[in-house]
Amino acid sequence: MTYEELLTETALANEQVIVMTAENRALVRNLPGILGKRFIDTGITEQTMIGAAAGLALRGRIPVVHALAAFLTMRAFEFVRTDLGIPKLPVKLSGFIPGLLSDGNGPTHQAIEDISIMRGIPNVTVFAPADEDDLVKMLPQIWSSAHPAYTRINTRKTWYDHEPFVLGKAEVIAEGCDVTILTYGLLFEQALIAADMLREEGLSVGLINMRSLKPVDEQAILQACAQSSLVVTLEDHFITGGLYSIVAEVLLKNQTTAKVLPIALNNKWFRPALLPDVLQHEGFTGKQIAERILGYQTVHHQPEILTPEFSE
Amino acid sequence: MKHNTPNINEEELTAIALNVREHIIRMSTDGGCFTGASLSAVDLIVYLYTRFLNINKDNLDHPDRDYLFLSKGHDVPALYGTFAELGLLDKDRLKNHLSLNDHIYWHPNTHIPGIEFHSGSLGHLPSVAIGVALDLKISGGNNKVVCILGDGELNEGTCWEAVLVANAYKLDNLIFVVDRNQFQANVRTEDLIPLEPLADKFRAFGAAVKRIDGHNFIDLHHAFSAYPFEEGKLNVVIADTVRGKGLPSIEERADRWFCNFTADEIDQLLLELYGDQNTLLTSETLVVR
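The listed protein sequences correspond, in order, to chains F and L.
For the first sequence, the numbering used here assigns the number 1 to the initial residue and increments by one for each residue that follows.
For the second sequence, the numbering used here assigns the number 1001 to the initial residue and increments by one for each residue that follows.
Extracted from the complex, chain L is given alone in its bound form:
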């Protein structure tokens, strides 16, 4: 597709996303985190917080702010990293990952300012987001409500209940974003519970759907700029992504959903992240949960 290239300063976004990836890698040790799962959502989350959503460190409790609900809880390292880059979260706190002295752990929780609702149990936040979007329709607010879902999460029937209900109430102020990295936790989605043709499924349920490259900031911008996609319809963005994006040695691998690396491996992965392909880790050297 040809676009008129918008001026969204891709270089800045790319730099932020690279830093977020570094934060995620640094959290992938001493207990580890959902490294592969969260790397797929980095560009998406960075784009949303920097170019689309009216959410910043000064308006977190303001009723006119936008809302982001992270239903795919495994993406939370990407959220911590983005918050750290944008000043919502003190960078030093990332070192407290899994410490009893802080609340930075494997799933989102509301002790972290900016996180609207805890998640971890899948298929919950689409309905919570509906409640907020419904109230905005009743109260007359113009806030946008985004809910990020995993593609594996779409196994849960409540996601589809939510699409039906959102359309019944014409919640065009609500956007479901699917982090479509093609993986469940342990296996490929299409090998277990096939989802394709996914856009057709959402359309058949009444939603207005856009499918884009979830790592391309221009694509993301074109899609989200068209919000609301159609009056009176739930907006759905299917963002095609790559699990482990940015680290060739863990990309597209079913067994790199959760990673717990040694300190040496972290050093190697950081070199890999910044472009030194000579340091690719072999699977044997990785410590996986």
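Looking at chain F on its own, in the form it has when it is part of the complex:
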């Protein structure tokens, strides 16, 4: 099932669902004809769209709102915080082309601080599916929850068949005592490859699809840290405020420590190109991830993560 099919089915089953967009129709091309007045395109007005979604939610509607993740979370940030977060209105934000999925667009379109800023808003929940199968398994619970929610939309297809979603729970793919990789979003694919390569090197490798970043599965994190000699946080997000920060917070809150290797965008925007080339250039292919982990295992210090400049 695709995102659009799920949304269509949901909206047809529930009259209260309203589909909105700030003139980003890639995910919802067929919906104007199907939903009529329940499809609202406010034009290129992310802020006004969020305010209007709040007004619709005041009347009992459940708006599912679409825009590019960068503009939905940043241009409209204060509207999300003030109009949705403060009154806790069940508006569902679908952020399109987040993280590395914005491959060729350049830094203006890169939503790589979105997890950080959205999870900083009280009442707002945050989700990051590994692929389209994960996405459509997650959304029914997210859309029916009473909270405003931000979902990092990822409609890439992979071969992986995910477990049913439980809000606030991570999906434990494998357990291992040498290394556990914690990840979310499209890097899940690369993590599967990396895990296999590490196993070929004789390591016992765990892998966890975090999925629900707020609320987060603290037990899964603590268990991985207790079980494995090394925990890797892998994310297409700035190193600050995302999964690495979440793990640090969980460890400190529980007064415990772990050896953690962060693999993330280290304080820089990524070099625009086609996605496979971006992955390669930024060191996010499965092979590069495996090599970084092996390097860390061998030399026992944190390697240089990325070239530190955004150069032409």
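Honestly, the hints are just simulated from the structure, not real lab data.
The reader is advised that the hints may include incorrect statements.
Stated by the list, open to error - Listed next, the in silico DSBU-like pairs over lysine-lysine satisfying Cα-Cα at most 35 Å (straight line):
(1) L:K1170 x L:K1233
(2) L:K1137 x F:K137
(3) L:K1137 x L:K1095
(4) L:K1210 x F:K37
(5) F:K259 x F:K287
(6) F:K157 x F:K137
(7) L:K1170 x L:K1091
(8) F:K37 x L:K1091
(9) F:K37 x L:K1057
(10) L:K1137 x F:K37
(11) L:K1210 x F:K137
(12) F:K287 x F:K157
(13) F:K88 x L:K1091
(14) F:K137 x F:K268
(15) L:K1091 x L:K1057
(16) F:K214 x F:K253
(17) F:K268 x F:K169
(18) F:K37 x F:K268
(19) F:K157 x F:K268
(20) F:K157 x F:K37
(21) F:K157 x L:K1210
(22) L:K1170 x L:K1095
(23) L:K1201 x F:K37
(24) F:K88 x L:K1057
(25) F:K169 x F:K137
(26) L:K1210 x L:K1137
(27) F:K253 x F:K137
(28) L:K1233 x L:K1057
(29) L:K1233 x F:K88
(30) F:K37 x L:K1170
(31) L:K1137 x F:K88
Chain L: place on chain F using the hints.
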């Protein structure tokens, strides 16, 4: 303009508005409030709640009630005072202004029954009001949706986005009311970000506009009685008002946006409010935030 004078009982409205002004003055101490800012909106707010909007203490949660969104949050003392006069809010609670034991503070919040949405950050509620008006168009309700904006607030680009979107969706059930007191927070609007010709600007964006004296109940009544002004267009009322209206010693003064008076000054201002012009305060005696 000549009108046939409607029977709206101006005396009653004037009496209510005077009481609301007294409430505002009494809140302008022990921490103070946005005295000058809110006094300009008193007549407007009193008129809307008593003669135009279907909002009362018995229907606050009823889906068929009308909606008022106070985007210009600094006007909230006028709202508290009006609610107290109309029985939506216990008058004794006004004494809890800025107390942790109540929710009566400098910006609107939904802990006060009758306040539809919190505000304070400017340029937000035009879009929230659009969402409600949109739902009424989809659901078929006849409710009116009013959003009060400050003229300084019109600096915010989202106000103008909202006018475009409201017209695109033909929201003639929505009325933006601009409390046009000619002041930003600290300076005159025309000295900082000039707005005139304001009515032309709204018209150019597709709205149907009426410009009136925001302290004249007959003018207010004529304007709002014409709702909806034009089918399929956002209604805009530009209400020309005076900052600090009712208190000559603070009227039209940039530095009387927020006031925190001493108890003695409050007594003097109340005398001034009720017509004793011998008690005008000089600027030196006022304590301003």
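Hint check results:
{"no.": "1", "hint": "L:K1170 x L:K1233", "result": "5 Å, holds"}
{"no.": "2", "hint": "L:K1137 x F:K137", "result": "33 Å, holds"}
{"no.": "3", "hint": "L:K1137 x L:K1095", "result": "40 Å, violated"}
{"no.": "4", "hint": "L:K1210 x F:K37", "result": "30 Å, holds"}
{"no.": "5", "hint": "F:K259 x F:K287", "result": "21 Å, holds"}
{"no.": "6", "hint": "F:K157 x F:K137", "result": "13 Å, holds"}
{"no.": "7", "hint": "L:K1170 x L:K1091", "result": "40 Å, violated"}
{"no.": "8", "hint": "F:K37 x L:K1091", "result": "43 Å, violated"}
{"no.": "9", "hint": "F:K37 x L:K1057", "result": "33 Å, holds"}
{"no.": "10", "hint": "L:K1137 x F:K37", "result": "9 Å, holds"}
{"no.": "11", "hint": "L:K1210 x F:K137", "result": "52 Å, violated"}
{"no.": "12", "hint": "F:K287 x F:K157", "result": "20 Å, holds"}
{"no.": "13", "hint": "F:K88 x L:K1091", "result": "29 Å, holds"}
{"no.": "14", "hint": "F:K137 x F:K268", "result": "32 Å, holds"}
{"no.": "15", "hint": "L:K1091 x L:K1057", "result": "14 Å, holds"}
{"no.": "16", "hint": "F:K214 x F:K253", "result": "16 Å, holds"}
{"no.": "17", "hint": "F:K268 x F:K169", "result": "30 Å, holds"}
{"no.": "18", "hint": "F:K37 x F:K268", "result": "42 Å, violated"}
{"no.": "19", "hint": "F:K157 x F:K268", "result": "28 Å, holds"}
{"no.": "20", "hint": "F:K157 x F:K37", "result": "31 Å, holds"}
{"no.": "21", "hint": "F:K157 x L:K1210", "result": "55 Å, violated"}
{"no.": "22", "hint": "L:K1170 x L:K1095", "result": "43 Å, violated"}
{"no.": "23", "hint": "L:K1201 x F:K37", "result": "29 Å, holds"}
{"no.": "24", "hint": "F:K88 x L:K1057", "result": "25 Å, holds"}
{"no.": "25", "hint": "F:K169 x F:K137", "result": "13 Å, holds"}
{"no.": "26", "hint": "L:K1210 x L:K1137", "result": "23 Å, holds"}
{"no.": "27", "hint": "F:K253 x F:K137", "result": "30 Å, holds"}
{"no.": "28", "hint": "L:K1233 x L:K1057", "result": "31 Å, holds"}
{"no.": "29", "hint": "L:K1233 x F:K88", "result": "31 Å, holds"}
{"no.": "30", "hint": "F:K37 x L:K1170", "result": "13 Å, holds"}
{"no.": "31", "hint": "L:K1137 x F:K88", "result": "24 Å, holds"}
Violated hints for the displayed structure, listed by number in ascending order: 3, 7, 8, 11, 18, 21 and 22.
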